[in-house]
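Engineer: For reference, the chains in residue letters:
2 protein chains.
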Amino acid sequence: MRLGTLTIVGVGLIGGSIGLAAKKKGLAETVIGVGRQQATLERARTLGAIDVCLDLAGAVRQADVAVFCTPVDVIASQVVAAAKTCSTRTLLTDAGSTKEAILCDVERLMPQGITFVGSHPLAGSEKHGPEHADANLFENRVTIVTPTERTSEAAIERTVAFWTALGSRVKIMHPSAHDQAVAVTSHVPHLMAAVLASALPDTLRDLAAGGFRDTTRVAAGDPAIWTGIFEQNCGAVAQALERLDAEMSRFRQALANRDWSALRQLLTQAKKVRDALGS
Amino acid sequence: MRLGTLTIVGVGLIGGSIGLAAKKKGLAETVIGVGRQQATLERARTLGAIDVCLDLAGAVRQADVAVFCTPVDVIASQVVAAAKTCSTRTLLTDAGSTKEAILCDVERLMPQGITFVGSHPLAGSEKHGPEHADANLFENRVTIVTPTERTSEAAIERTVAFWTALGSRVKIMHPSAHDQAVAVTSHVPHLMAAVLASALPDTLRDLAAGGFRDTTRVAAGDPAIWTGIFEQNCGAVAQALERLDAEMSRFRQALANRDWSALRQLLTQAKKVRDALGS
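Keeping their order, the protein sequence lines are chains A and B.
Residue 1 is where the first sequence starts when you use this note's numbering, and the numbers rise one by one after that.
Residue 1 is where the second sequence starts when you use this note's numbering, and the numbers rise one by one after that.
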């Protein structure tokens, strides 16, 4: 894939990394950045993640591909706004952590003939801002692409080609299957990290060592962004929490019964799962 | 502090790091390693963590300080066995993650005139074996030293000097206060990490990205070692779980009520706590 113009809406960690990767891989001749904060756009330009910045309408009008890397609760309205000025050859996609709510809104409001395909690169972190962007962020990471019944094969292929060109492996999932999966792999773990962090009294802060830091790291993520994610995916999160409760009660029961052989089996099973993920 | 002979019982990640740090800092002339597995002791010697290996009785007889870095459920019996051959000038200490059960057993069975002071360097990880040992492991890390009513000032001072010489900051706590604190900062987070790992179905393994890996990393720890820790500290762990439940129900309630402003406040508070810990 070779693009004339790539437009990135929201040039933070993910948007900035898309710009840097696109440059490094020679994917796009020109990368246009769009954002609310001029200072952030300037930093992104200095870092080489974007070439120029424009307003949304102007940036999307010229784009071969426009990717929305903004908070999940604004993506749909930005996509619909962009659709008014973009050409029918423009591919619109996103990097949001939820998919069903965004696709539902977009497909309801989108003008005929404009193409949006939902995407989610699994490459975020608790950091934010273009200064944490990395040209290699997508290497060997999975991007989930979530076509619906209304998405054409050609649009899916272009979206897959886009993320593949940035270094990512692509997995195709239905939006609702995506949302259920990331509720388990990301949203509920985020919730637990936040709960564990909140339960730490100030007096014990000195004693929080490597294990606590790892386990709670994601709780440093932006509360506004994460509130939007939980709002959009609350159904799947509630289901995933039920699944976690069932697992949790097996551990609690072993502790309550002082059944150390059962607890050891549970810890062994957990280690097996974790070891399979690598470091 | 300068020691003639330092004996390390259990030369894994922690024991090996004590040996390497003692060598690097010139703390001990000779470092003797004790362990069940000859291959591990040989690796530790090759890595420079110990000079020689001996059996427990022989190694402790010569020691100025002997430090027990074995699983928590064997420390007390090893200390008591060592006490039979060691001199009254020998300081016995340990690196176990629990303190009250160990001290209770040791003080009940210890011969008159032999000194044991409980210690816990907060420097463990999910890794194990001397190949993961690090001479700088204790730099800027906290070691908790847990004297009881029976511990002399002189013994406390020597124990503090020992860990300080290895690069550690030392905090003095009562054994039961230690156990309650680490239940919150380490044992319950470990449990949650194991629960999260266990709840990951095989089909979603591909989708477990950085956040999931961080949150569950400690679940790769040795199940036998962790079962021993939970067994010895089950009372404090149960209390810490109650505290976590109370925190958890605030998050659940916000989700159930779709009260996004409340959820955002909770996530903001969690971020504040996590940010204060640094990366």
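Hints may contain errors.
[Unchecked claim] No more than 25 Å apart at the CA atoms, straight line, and that leaves these computed lysine to any residue pairs for SDA-like: (1) Lys127(A) <-> Asp206(B); (2) Lys272(B) <-> Ser125(A); (3) Lys272(A) <-> Arg250(B); (4) Lys171(B) <-> Asp202(A); (5) Lys24(A) <-> Ser176(B); (6) Lys127(B) <-> Gln37(B); (7) Lys171(A) <-> Arg213(B); (8) Lys127(A) <-> Ile114(A); (9) Lys127(B) <-> Arg264(A); (10) Lys84(A) <-> Ser125(A); (11) Lys272(B) <-> Thr203(A); (12) Lys272(B) <-> Arg250(B); (13) Lys171(A) <-> Pro201(A).
[Unchecked claim] Quick partial rundown of chain B residues pointing at chain A, CB under 7 Å, derived from the structure: (14) Leu47; (15) Gly48; (16) Cys53; (17) Met192; (18) Ala193; (19) Val195; (20) Arg217; (21) Ala220; (22) Ile225; (23) Glu231; (24) Phe251; (25) Gln269; (26) Lys271.
By construction, these hints were calculated from the structure, which means they are not laboratory data.
Quick caveat, the model's predicted, so the values are computed rather than measured.
Where is the CB? At the ideal position from N, CA and C, for every residue including glycine.
Engineer: Take a quick look at whether Lys127(B) and Gln37(B) sit within 25 Å of each other, Cα to Cα.
Structural biologist: holds (17 Å)
Engineer: Against the 25 Å threshold, does the CA-CA distance of Lys127(A) and Asp206(B) hold or violate the hint?
Structural biologist: The hint holds at about 22 Å.
Engineer: Below or equal to 25 Å on CA atoms is what counts here, so check Lys127(B) against Arg264(A).
Structural biologist: Given that 25 Å is the threshold and the Cα spacing comes to 18 Å, the pair holds.
Engineer: Per the CB criterion, is Gln269(B) less than 7 Å away from chain A?
Structural biologist: holds (6 Å)
Engineer: Should the hint that Glu231(B) touches chain A count as held when the rule is a Cβ pair under 7 Å?
Structural biologist: Cβ of Glu231(B) sits 5 Å from chain A, so the hint holds.
Engineer: Between Lys272(B) and Arg250(B), does the CA-CA distance stay at or below 25 Å?
Structural biologist: holds (17 Å)
Engineer: Under the criterion of a CB-CB separation shorter than 7 Å, is Arg217(B) in contact with chain A as hinted?
Structural biologist: With Cβ-Cβ at 5 Å, under 7 Å, it holds.
Engineer: Is the hinted pair Lys272(B) and Thr203(A) satisfied, with a Cα-Cα distance of at most 25 Å?
Structural biologist: holds (15 Å)
Engineer: For the hint on Ala193(B), does the least C-beta distance to chain A fall short of 7 Å?
Structural biologist: holds (5 Å)
Engineer: Verify the proposed pairing of Lys171(A) with Arg213(B), using a straight-line Cα cut of 25 Å.
Structural biologist: Judged against 25 Å, a Cα distance of about 19 Å means the pair holds.
Engineer: Given a cut of 7 Å on the nearest C-beta pair, is the interface hint for Lys271(B) held or broken against chain A?
Structural biologist: holds (6 Å)
Engineer: Quick check on Ile225(B) please, does its C-beta sit within 7 Å of some C-beta on chain A?
Structural biologist: Check failed: Cβ of Ile225(B) comes no nearer than 9 Å to chain A, outside 7 Å.
The structure is inconsistent with the numbered hints 3, 5, 8, 10, 13, 14, 15, 16 and 22, although it conforms to all the rest.
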